[in-house]
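These protein sequence lines map, in sequence, to chains L and E. Everything in the first sequence is counted per my numbering, starting at 48 for the first residue and increasing by one. Everything in the second sequence is counted per my numbering, starting at -12 for the first residue and increasing by one.
The set of hints was computed from the structure by calculation and includes no laboratory data. Hints are supplied without guarantee of correctness; some may be wrong.
Pair ranges (Cβ atoms, derived) [what the hints assert, rightly or not]:
hint: 1; chain 1: E; residue 1: N50; chain 2: L; residue 2: A126; range: 48 to 54 angstroms
hint: 2; chain 1: E; residue 1: T72; chain 2: L; residue 2: G287; range: 43 to 49 angstroms
hint: 3; chain 1: L; residue 1: I194; chain 2: E; residue 2: V59; range: 27 to 33 angstroms
hint: 4; chain 1: L; residue 1: I265; chain 2: E; residue 2: V243; range: 48 to 54 angstroms
Please read all numbers here as calculations on a predicted model, not as lab measurements. Beta carbons are placed, not taken as given, at the ideal position from N, Cα and C, and that holds for glycine.
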Amino acid sequence: MAEAKFRYNPKTLRYERTSISILGLSFRVFGYLVFGSLFFIGLVVLQNYLIETPLEKSLRAENEALHKHKIVLTASLLASNNQIGELKKEDQLLYEKLFETKLVSVPNLNIDKEEILAAEPELFSDWEAATNKQSTALWQKAKTSNIVFSSSASIGKKDLKTLSRLPTIAPVKSFEFDKLVSGFGKRINPFHKGLYHHDGVDIAMPTGTPVLASAPGIIILARQSNLLAGFGNYIEIDHGNGMITRYAHLELLKVKNGQKVTKGEVIGTIGTSGGSIAPHLHYEVIKKGRPTNPVFYIIGGLSSEQFQAMLDNSKKENQSLD
Amino acid sequence: MARIRYTYNLETCRYEPIIVTAKTFSASIGRFLTVAFFIGLAGSIYFHFQYPFLDETIQLEKNVRLKAEWQVINKQLTRSAEQLTSLEKNDDQNYRVILDLDPLSASQREAGVGGREKESASIPYLMIRQGYEKSEKIKNRVDIEIQSMEQLKKELEKKQKMWASRPAIQPINNKDLKQLHTIFGMRMHPILGYIRPHNGLDFTAPHGAPVYATGDAVVMYTGYSTYGNVIYLDHGFGFETRYAHLTRYIVEPGQVIKRGQIIGYVGNTGLSSAPHLHYEIHYKNIAINPINFFQRDLSNKEYERLIELGSQATASLD
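Isolated chain L, as found in the complex (with noise of 0.2 angstroms):
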């Protein structure tokens, strides 16, 4: 306990007690507060420099482990990428090479947030405006072709006939839609490059995979040919109502002329024979004399987001493979 302490007053003449100011207080207070957070900051320093606690220890080691091992996969990550690189790129070489077309690459679609962040917002109320309008004008089309369809659709048993002889199904098993390589117009012929008229389509799939008919019907033709050019071993389907199939390059025939086949049935298997530079089945399907784009035609099985990847890639004039 401190002793009071007293000032003299010259005016009264007489010793007076000092009484303790606030400003004094608190800059006492201040000190004790400045001194004693040093005090502390030093205790805990020094306390966290002298004591290491068992998780410290293995935090510290792991975070030792996973920083080295980073430096190393990183480099080696690189390395590889590098090489993933180069692959790609001579895939695509390869690609180019084989069918004589450039290889579209996807393009990235991983926008970044800041490219979104930096976009414009009245572009996305134009956006919004546009789509819009074009969903207005999709669901009253929608809403006509619905009166339309309604009032004409009843479909008799002899439509429902010719309907199910329509060849709608792809001519292999196990079909996807990128086994279609090559499509129907202007293409080039591997042997001479030059420009012709692709008839069918190049459906490429390993020698032995089974050929379906597609849609019923009667063989009309299945010819073994042993020549280097042409259709090789060879198959023709009539469907009536002026619908013939033809499934040429086949490896082995598995039916007879005149013999009837029913949808899906298997006729023979995929081969390289004739002219021919790879395993593949080339299929046309000829309407009423003329040959009509099979495409059209295949949409069993297939989504229409497959249906379209496969229009797209039927629409490229690339190299045929016969």
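Given the structure of chain L, go ahead and fit chain E onto it with the hints provided.
Positioned in the frame of chain L, the structure of chain E alone reads:
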């Protein structure tokens, strides 16, 4: 003016001034510091029980950051593996199908995995171990894909040579062609007057019209026989073409020929009644009908583009 402070001394009953000496000053400082020290000590004890050690916090934060970075690496590894998978899929399901090669099996593609695994197996952290495992797998798959790509490239080169050497165009330009006699097999010989096999096709064309090689080849033989001036071309892969009744030839045995290159000119030499080219294709020493070995609907413009390619090849060879 220093304000002098006083204390009341009870013994002397007097007010005495307080004199600040070094001793009293340091004593008061010491008192102050001691109090401050205890305040700090109390604070630190409180802190110790309330919060973890500072180093722990620092290490923990570092750990979280590093783990986040590792997650990014993991994602990158997955992405690389995905890219590799798509390359492998292209390789197996497109190129190998078209080049008629067997696709690589999963065991072939995973070959060699496990070689360096043991080295990283001693690391006690799962995340690191898994990272190394993934990276090793990718490395091995990349190595195998590089080898596979090499094989594909070689195979394609071989096949392209085969495709380029296959007889595939008409030996006579449509512009010069007057008539194509498509009789192949037995027929009445117009000069000899009896039936004998006709092993080729006859292209009627004006005297001196150029004759083009129908595929890449090496000249096997040139000479004169009952067929007049003849050229035999060896295309390799079992194919041979023969061009007869030429007025003259401009190639010599051993010469390398490109498709579309002019090798001679139409004539009427040998047993021939009018200027024409007699064209034969032999496959494994058996004459086959050449009609299937050219596109008759090929437009003239395209044909001329093709023989243009052949003439460019000659120019570069000279």
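Looking only at beta-carbon atoms, does the pair N50(E), A126(L) fall within the given range of 48 to 54 angstroms?
violated, 27 angstroms
Taking the CB of T72(E) and the CB of G287(L), does the distance hold inside 43 to 49 angstroms?
holds, 45 angstroms
Does 27 to 33 angstroms hold as the CB distance between I194(L) and V59(E), or does it fail?
This hint is violated: roughly 56 angstroms between Cβ atoms.
Does the beta carbon distance between I265(L) and V243(E) stay inside 48 to 54 angstroms, or does it fall outside?
holds, 51 angstroms
Checked against the numbered hints above, the structure violates hints 1 and 3; every other hint is satisfied.
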